[in-house]
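Novice: If you want the building blocks of each chain, they are given just below.
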Amino acid sequence: MRIAGLLEGEQLRNRIFGYMCINILLTVTLLALFAFYAIGSRAEEQVKTGLKNERVTIVTQTGDVIFDNYAKAEEMDNHLNRSEVIDAINTGRGESKRFSETMSQTTYYYAMKLEDGNILRLSYTADHISSEVQKFIPQLIFAALASLVVAFLAAASLTKKIIKPINNIDLTAPEIDTYDELSPFVREINRQKQLVGEYVASLEKRANTMNDITGNMKEGLILTGPGGEIIFANQSAVKIFRVNEMPGKNILEVSRDVELLHNMKICLSGKNAEMVFTIRGKTYNIFFNPVYENEILNGAVVLFLDITEKFYSEKQRKEFSANVSHELKTPLTTIYGLTEMLINGIAKKEDTKDFAQKISAQTKRLISIVDDIIKLSEFDEDSVKAEKSVFNLKNLAQTVIENLKSKAAGKNVTLNLTGESFEITANEHMIDEMLFNLIDNGINYNTDGGSVNVDLKQGKDFCEIRVSDTGIGIAEEHLSRVFERFYRADKSRSKKTGGTGLGLSIVKHAAEYHKGRVEISSREKEGTTVVCYIAA
Amino acid sequence: MRSRFDEQLTNLNNKLIEMGAMIEDAITKTIRALIEQDVRLAKSIIAGEEEIDQMERDIESLCLKLLLQQQPIAKDLRLISSALKMITDMERIGDHAEDISEITLFLAGTPYIKELEHIPQMAEATVKMVKDAIDAFVKRDLELAYACIDYDEVVDNLFINVKNDLIDLIRIDSANGEQAIDLLMIAKYFERIGDHATNIAEWVVFSLTGNHKRSRDE
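These protein sequence lines are chains A and B, in that order. Those letters in the first sequence? Residues 704 to 1239, per our numbering, in order. Those letters in the second sequence? Residues 3 to 220, per our numbering, in order.
It is worth saying that the hints were derived from the structure and are not from the lab. As the structure is a prediction and not an experimental result, all values here were calculated from the model. A portion of the hints provided could be inaccurate.
[To be verified] In silico DSS-like cross-links for lysine-lysine, where the CA-CA straight-line distance does not exceed 25 Å: (1) A/LYS1067 <-> A/LYS1051; (2) A/LYS952 <-> B/LYS77; (3) B/LYS31 <-> A/LYS1018; (4) B/LYS133 <-> A/LYS968; (5) A/LYS985 <-> B/LYS130; (6) A/LYS942 <-> B/LYS130; (7) A/LYS985 <-> B/LYS31.
All chains, please: the whole structure from these sequences, using the hints.
Specialist: In structure tokens form, the structure reads like this:
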């Protein structure tokens, strides 16, 4: 098809052919002109110089030369054997021509019989054409060179003229009408261009689809080549590592975590791997999967699942159960020891009462721990939901204070209640627990002669329960952790006071249930203030 | 088409990062073992030193091979020659991690006289330096390299704090002397790690600019 196309149009061929013809014609014309000029000028020269070359000889009838204008007559041969002389003697006139190869010259003779019987011979020697030509060689060379230069210049300009439209073709959008011969190429280029455009568009579409799909993924996704070089990374992966332009970089440049790199190596050797990875406070479960193409390992797919919440709640749960068992075990061990002594009769009779008291105290402690745990788990399960009622907060606080008055008196701590009297809509049981725990803590961690002040305030969005004591306070490093379950600032002291380590946890829980928050501030040896905000 | 030389250079680059990751891991664990008096962790660090040494030898032979076979010039030559120097510093950091862990093992039986205060700070500062130096290499980040070089002063100051702490401890009770000396050694090793991190950062500067400069002002 292409060859046919080439033969179809003859625009270019005709043009080149035409230009070549013109060029040759020009050269030939130039040479011819010069030759004409040269020969013409030579002929003219000859006319101008006249008969300078003519030789005149007078020969007697016997053939002896009596005059010659070129040579000495007496030295010349007898001329009776020359044909023109013989003819002249016989007929009155004669002519002949002789060619001398050595001189490459032709001599023309003409003889006529004079009235005195002597013969007058005129001769003219002409050079042969080749020797005539030889005389023009320098001029010819010059003429040839000149015509060459002219031809070269003409050819150059003509070539330029032919090539110009080709050079001017815009390859990104070639036009068909430049030369007929080129139109198949142009058509093909246009077709290919269109094809490439279509391919690029479809690839872009595919990449965009991939980006759209993976971009909305919460999980991080990284695809790597067999050497660990990243081919693709989605938005989440970029966010995890905070490394821009990940594709093209090696996984090593993204993270230098030894375990991650180790698992990557395992994966790139063809095995699946999995790990838990923590970065900037977030915990991820990473899955490494090798990718095979035609049974040849060709890279890896790495998937990051955010398990931060799960990881921490799991961690908390583990800590909680460890703490619970520990907290329960301590009083149980004491009870077990004391009962063993009683059973084996090691204890003296008078100590029996003391032992029983100790067992009772430890049992009480166990009950309060179990109570607190039950409360917390109730709060956790939100089983107390919907039990909201309207009640007077000050009245409730008063009741709690009444209940704790005897305990406070035993420690020589005074309890004060100040603030407005107002009603709130809340879960009474939870608020009761909250107040009890806060005031109880205020008593437990107080000094002799100290006080616990409860102040109530009704705000626009929140109502405020402020419980401050003049107690021993909490060191700054413990402040952020006191709301953790079973966390205690001073372990030895809380054992004495009988706290379960769950009190503030319950307070926090109750406040959060009421869409509120708890703030704590404390100075060691000066006292602690806890403020609970509860949505009004 | 990627030439074999380019491939080898990428390989060298990756191996250097890998070795960097190894020493970062080693000193991070060293601190944990020291503070928590974790004997098992300390032992694993000492065992891991062999791997770092092996890595150094691997990279060294790769560098020599590249120098011999490819006769690199300009930037490539600078990368390879600084790689040769960097691995020496990295290996020394690995050695110091091992040294500290050995003292940790020795101290493991007895509780610390006073809760460690400035040593963990110092350790954190040196880890930051090592991380920054290797990050500067990975990201080809000149500014970070200079920042790392400047940060050495912080570590040096912390070392003086540690020294003063320990002098006070000995003054209070001369029986504290033995542990104080061990802790001083640990602090000195951390200080040396800081110096080696500075060296690494300087080699990063050299490989990027072709100049040996201790700071950007010079």
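Novice: For the pair supplied as a hint, A/LYS985 and B/LYS130, is the alpha-carbon distance within the 25 Å limit?
Specialist: holds (20 Å)
Novice: Holds or violated: are the alpha carbons of A/LYS985 and B/LYS31 at most 25 Å from each other?
Specialist: Cα-Cα ~20 Å, so holds.
Novice: With a cut-off of 25 Å on the C-alpha distance, tell me whether A/LYS942 and B/LYS130 pass.
Specialist: The hint holds at about 22 Å.
Novice: For the pair supplied as a hint, A/LYS952 and B/LYS77, is the alpha-carbon distance within the 25 Å limit?
Specialist: Holds, at about 19 Å.
Novice: Measure nothing beyond the straight line between the CA atoms of B/LYS133 and A/LYS968; if it is 25 Å or shorter, mark the hint as holding.
Specialist: holds (22 Å)
Novice: Between A/LYS1067 and A/LYS1051, is the straight-line Cα distance small enough, at 25 Å or below?
Specialist: holds (24 Å)
Novice: Would you mind confirming whether the straight-line C-alpha gap from B/LYS31 to A/LYS1018 stays at or under 25 Å?
Specialist: Holds - the C-alpha atoms of A/LYS1018 and B/LYS31 are around 22 Å apart, at most 25 Å.
Of the numbered hints given earlier, the model fails none.
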